[in-house]
Amino acid sequence: MSDHTTVVEAHHEVDYGPAWQGGDQPLKSGYGKLMMWYFLLSDAFTFSGFLIAYAALRFSSATWPEADFVFSTFPGGFHHMPLIFVTVMTFILILSSVTMVRAVQEGKEENQKGVVFWMGLTIIGGLAFLGCQAWEWNNLINEESVTLYTNPFSKYDADGVYINADGSEGETFKAGTGYIIHKHHGEWAPKKYKVTSGPEAGKVKSQVFGPREFGALFFIITGFHGFHVFSGVLFLLIILLNVVSGIYKKRKNGYEMVEKIGLYWHFVDLVWVFVFLVFYLL
Amino acid sequence: MEKNSLLIDDEKLLKENGFNDHFHEHHHDEDPYQSNFFSKYVFSMDHKMIAKQFLITGMFWAVIGAAMSVIFRMQLGFPEESMTWIKPLLGKWIVVDSAGVGHLATEFYYALVTMHGTIIVFFVLTAGLSGTFSNLLIPLQIGARDMASPLLNMLSYWFFFLAGVIMFLSLFASTGPASGGWVAYPPLSVLPQASSGSGVGMTLWLVSLTFFVVSVLLGGINYITTVLNLRTKGMSMWRMPLTVWSFFITAIIGLLSFPVLVSGFLLLMADRSLGTSFYLSEIFINGQALDNVGGSPILYQHLFWFLGHPEVYIIILPAMGISSEVLSTHSRKPIFGYKAMVISIASIAFLSFLVWAHHMFMSGMNPFISNFFVIFTLIIAVPSAVKVFNWISTLYGGSIRLNTAMLYAIGFVSMFISGGLTGIYLGNSAIDIQMHDTYFVVAHFHIVMGVAAFFGMFAGIYHWFPKMYGRFMNETLGKLHFWGTMIGAYLIFWPMHYLGLAGVPRRYYSFDVFDTFSQFQSLNAFITVVAICTFFLQIVFIANFFHSIFFGKKVTSKNPWKSNTLEWTTPIMPGHGNWPGNIPTVHRWPYDYSKDGFDYIPQIQPPLEGETTESH
Amino acid sequence: MAHLTYEESKKAVVKGLIFLGIITIVEVAIALLAKGHLIEGFHLNKTFYSILMAVFSMVKALFILGEFMHLKYESKGLRVGLAVPFILLLWGVIAFSHDGNSFQERRARSADQHPAEVPPVSEHHDVKHLPEH
Numbered sequence: 001m002s003d004h005t006t007v008v009e010a011h012h013e014v015d016y017g018p019a020w021q022g023g024d025q026p027l028k029s030g031y032g033k034l035m036m037w038y039f040l041l042s043d044a045f046t047f048s049g050f051l052i053a054y055a056a057l058r059f060s061s062a063t064w065p066e067a068d069f070v071f072s073t074f075p076g077g078f079h080h081m082p083l084i085f086v087t088v089m090t091f092i093l094i095l096s097s098v099t100m101v102r103a104v105q106e107g108k109e110e111n112q113k114g115v116v117f118w119m120g121l122t123i124i125g126g127l128a129f130l131g132c133q134a135w136e137w138n139n140l141i142n143e144e145s146v147t148l149y150t151n152p153f154s155k156y157d158a159d160g161v162y163i164n165a166d167g168s169e170g171e172t173f174k175a176g177t178g179y180i181i182h183k184h185h186g187e188w189a190p191k192k193y194k195v196t197s198g199p200e201a202g203k204v205k206s207q208v209f210g211p212r213e214f215g216a217l218f219f220i221i222t223g224f225h226g227f228h229v230f231s232g233v234l235f236l237l238i239i240l241l242n243v244v245s246g247i248y249k250k251r252k253n254g255y256e257m258v259e260k261i262g263l264y265w266h267f268v269d270l271v272w273v274f275v276f277l278v279f280y281l282l
Numbered sequence: 001m002e003k004n005s006l007l008i009d010d011e012k013l014l015k016e017n018g019f020n021d022h023f024h025e026h027h028h029d030e031d032p033y034q035s036n037f038f039s040k041y042v043f044s045m046d047h048k049m050i051a052k053q054f055l056i057t058g059m060f061w062a063v064i065g066a067a068m069s070v071i072f073r074m075q076l077g078f079p080e081e082s083m084t085w086i087k088p089l090l091g092k093w094i095v096v097d098s099a100g101v102g103h104l105a106t107e108f109y110y111a112l113v114t115m116h117g118t119i120i121v122f123f124v125l126t127a128g129l130s131g132t133f134s135n136l137l138i139p140l141q142i143g144a145r146d147m148a149s150p151l152l153n154m155l156s157y158w159f160f161f162l163a164g165v166i167m168f169l170s171l172f173a174s175t176g177p178a179s180g181g182w183v184a185y186p187p188l189s190v191l192p193q194a195s196s197g198s199g200v201g202m203t204l205w206l207v208s209l210t211f212f213v214v215s216v217l218l219g220g221i222n223y224i225t226t227v228l229n230l231r232t233k234g235m236s237m238w239r240m241p242l243t244v245w246s247f248f249i250t251a252i253i254g255l256l257s258f259p260v261l262v263s264g265f266l267l268l269m270a271d272r273s274l275g276t277s278f279y280l281s282e283i284f285i286n287g288q289a290l291d292n293v294g295g296s297p298i299l300y301q302h303l304f305w306f307l308g309h310p311e312v313y314i315i316i317l318p319a320m321g322i323s324s325e326v327l328s329t330h331s332r333k334p335i336f337g338y339k340a341m342v343i344s345i346a347s348i349a350f351l352s353f354l355v356w357a358h359h360m361f362m363s364g365m366n367p368f369i370s371n372f373f374v375i376f377t378l379i380i381a382v383p384s385a386v387k388v389f390n391w392i393s394t395l396y397g398g399s400i401r402l403n404t405a406m407l408y409a410i411g412f413v414s415m416f417i418s419g420g421l422t423g424i425y426l427g428n429s430a431i432d433i434q435m436h437d438t439y440f441v442v443a444h445f446h447i448v449m450g451v452a453a454f455f456g457m458f459a460g461i462y463h464w465f466p467k468m469y470g471r472f473m474n475e476t477l478g479k480l481h482f483w484g485t486m487i488g489a490y491l492i493f494w495p496m497h498y499l500g501l502a503g504v505p506r507r508y509y510s511f512d513v514f515d516t517f518s519q520f521q522s523l524n525a526f527i528t529v530v531a532i533c534t535f536f537l538q539i540v541f542i543a544n545f546f547h548s549i550f551f552g553k554k555v556t557s558k559n560p561w562k563s564n565t566l567e568w569t570t571p572i573m574p575g576h577g578n579w580p581g582n583i584p585t586v587h588r589w590p591y592d593y594s595k596d597g598f599d600y601i602p603q604i605q606p607p608l609e610g611e612t613t614e615s616h
Numbered sequence: 001m002a003h004l005t006y007e008e009s010k011k012a013v014v015k016g017l018i019f020l021g022i023i024t025i026v027e028v029a030i031a032l033l034a035k036g037h038l039i040e041g042f043h044l045n046k047t048f049y050s051i052l053m054a055v056f057s058m059v060k061a062l063f064i065l066g067e068f069m070h071l072k073y074e075s076k077g078l079r080v081g082l083a084v085p086f087i088l089l090l091w092g093v094i095a096f097s098h099d100g101n102s103f104q105e106r107r108a109r110s111a112d113q114h115p116a117e118v119p120p121v122s123e124h125h126d127v128k129h130l131p132e133h
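Chains as they are written, first to last, in my numbering: chain D, 1 to 282; chain L, 1 to 616; chain P, 1 to 133.
Since the hints were made in silico from the structure, they are not lab data. What you are looking at is a predicted structure, and each value in this text was computed from that prediction instead of being measured. Honestly, I wouldn't trust all of these hints.
Said to hold, decoys possible - Lysine-lysine pairs mimicking DSSO-like chemistry, simulated, CA-CA at most 30 angstroms apart:
1) D/K108 / P/K46
2) D/K113 / D/K249
3) P/K46 / D/K28
4) P/K76 / P/K15
Unchecked claim - To list a few chain D residues with every Cβ distance to chain L over 10 angstroms, as calculated:
5) L27
6) F173
7) V204
8) N253
Glycine included, every Cβ here is placed at the ideal spot set by N, Cα and C.
Given these sequences and hints, build the entire structure.
The following block contains the structure:
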């Protein structure tokens, strides 16, 4: 206890400085918005858990496929277009975030029509993203045979030269080059090659499968993110219906509900930044 | 110093100084929240009723969880005795041999140990403790009408209830409930062929705990938001009682740690149901090699303990807050070092996220990184010691009322010291080589977070029972309950230190084949006898609790303990909205006991003539 | 956007779109450059590249948080309250990665010491044997 003692007069309200006055919002946000923020904080930790697990598994794996080699197809049968399709997906998500911001701004202006218009665009953006993800998954699973258990993508850890069916030497490749084991008539057909560098130089080897956690992690984590996008679209639809019905108009609180779902939607975009980073860039 | 009783007319103070939030203008007699039996007692959105629901559900689970420990203690204490008499309850899990001697099935022994841990840690000491008292006290002590979102609050209870139903059902699965330990380490928890409990029991366990996490998150988001936004006029953060501080920080820890458990669980579920191998690598089972490669079982342990360690603070912090409040009120002294207490809680919470791998020193984790975990772990001793010092200093020179609540609060401090000190041993990775997975660990965590948290809970129940039910619990029975439990708990867990130092491993069904441990058979039998006695002593508490709800001595004044906090300014049985008129405004911190010649000065009292200023 | 007028904030949105778009394009361009797709035989240092990408992602994340989620215009208490928990994750990332790496080294060492006991990486992953119940 302090030594300072001050005598105050009875029932004389002392000035407690910037003491809390009650009935106010110390963080300048209503309880609904705060709850959404704290929910997102916890959800961020769920994703962090996943991404940290991803890091641990990737570090515990001796090799890892190169993303620019794995993700290099584009709808319409285009190949050798590394990371182009996922860039398109990222743009779609950014665009839908931008339209969401516009919807919130129109809400603040109490402009019902504007909210409906921009939320509608946001929903279309969300659906487009989900469509892209469906194509990507389909391409990985059905075209390239990456599943939860199998991963034909890997990379060479030494220089080498392919050996053709007739025993002659074919093209050469460098260490770190990515490869995919193809299927011929439903059978895996790993190529044979001769190692030309490192301690195993001279040895004839055949391509081996890559770490299977690559596929499993990809599907689980992008699936969990896609599930967030999907439920976001559902919530957006419900709130859009409420906007159309005019119940937020009556509340005259600047369409706070739209703002809250907007926070969730941006969060989905935010998570994608990191999913994009770990799966496609690093 | 001569102590006068300040004549406080809190009705007048509320009327003149209170804050009119126009609550009752919107809620007339037709109270939509309490209009019929279901909305009043079952699907209630009133925080006080939800608190009682959490408490009674928690008590139900405590009885089940403790009864399980009695059964496996009988196996440990008297492995030769026939258990045929319990066959009507356990059915096929008692295997009767040709001589007519019934033995506890080994699978079920592991199931009992697993369920005991799961139930006590999650359902009793997380939901039953934090769920009960956060709900009851946060709105009452900060001067709020209810939680920020009563609906989510109700859902929080019902998700907990749902989790409980699923867990309860799993007890009756033909293959038995989960039996891989409450931590559910892979590969045991991943492979259904690994043990009988790893089948449907494990699946139900995972589903149940996922719903439980939903409940914790709904509750936690609500508690945090309520504490931040719904405090009454004058209730600045530094005027909140330590109870509210501890619930607030507990909720934050839960909000950040449980989601990581969910991600760990989802990967585990994928391994179980989809056949991925996040946690499996190069594994043989039944002489057969599985084709799962590439995963890491240690990864699950990391993810689990990233929750698991904060979880023990989720359990103990509310008990700390309750004990601080009870100690201060019943020793008629301000809590010693209020701000130090808050800062200690906060730093314990922060450190709790950095130390998780001290549970894994022997798991095959890299020993180099263990060093950092040792250092972080030992640092936690500092804020813990600050708190212990403050509790003892609060008691020193006080006018102590030794009622049951106070006895339990003191018992809490005693337990926390005894159990906390052994934590310093276990936090050293070198000593842990000898100690890990022995009864030393069992003794440590049962005392420091099991018994101590129960004592905090009992202190809270005896102290706030008048607020919950408008009646007192019987003091004589309460003291009998306290002394019996206190002595029983020490007699059960103290000898376990010796077992552990001698290397007796935990989780073993029987020590028949270990000659070196046969010398401990009589000690094990002693522990079992005391455990059974202590278990049945709890009937005194349960009888006292339920009898007092209906027939206890009635509370006649609003403030029976002469306490400063706001919950004692409500009517004896507060209705919906807690205060019939204005909500109180706050003019001081909650610990003005024995100040300026006054026995106590409630928080609603404006500054008095000649009073020294607030100076904590 | 609390302190901006409606018109200003509309412009800010367009600016935000351009900003995020440019960063994403730069990220992808550097990724392609680093992995030798743009200039034959040119590769960026892997650590440098990883840190660079992480920094770009943090910039994007902070921008989304600050502008789109309005955090820049919220009270300081809310900002600090939301930021502090992420400090906890720093140690988590270090510890998990370090231990993952150590797991790999041990597996490699054990494979060196007991080559016969470690089954070769299976080439028949397409047939998944679900555990029998």
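Against the structure, the hints:
1. A threshold of 30 angstroms between alpha carbons decides the hint, and for D/K108 with P/K46 the separation of about 46 angstroms lies outside it, so the pair is violated.
2. As the CA atoms of D/K113 and D/K249 are separated by approximately 11 angstroms, the hinted pair is consistent with the 30 angstroms bound.
3. With a C-alpha separation of about 44 angstroms, the suggested pair P/K46 and D/K28 falls outside the 30 angstroms cut-off, and the hint is violated.
4. Between P/K76 and P/K15 the alpha-carbon distance is near 24 angstroms, which keeps this suggested pair within the 30 angstroms criterion.
5. For D/L27, the condition that its CB be more than 10 angstroms from all CB atoms of chain L is violated, with the nearest at approximately 6 angstroms.
6. Every C-beta of chain L lies more than 10 angstroms from that of D/F173, the closest at about 24 angstroms, which supports listing it as non-interface.
7. The claim that D/V204 lies off the interface holds: its Cβ sits roughly 24 angstroms from the closest Cβ of chain L, which is beyond the 10 angstroms cut-off.
8. With a least beta-carbon separation of about 15 angstroms from chain L, D/N253 lies farther than 10 angstroms from that chain, consistent with its non-interface assignment.
Checked against the numbered hints given earlier, the structure breaks hints 1, 3 and 5 and satisfies all the rest.
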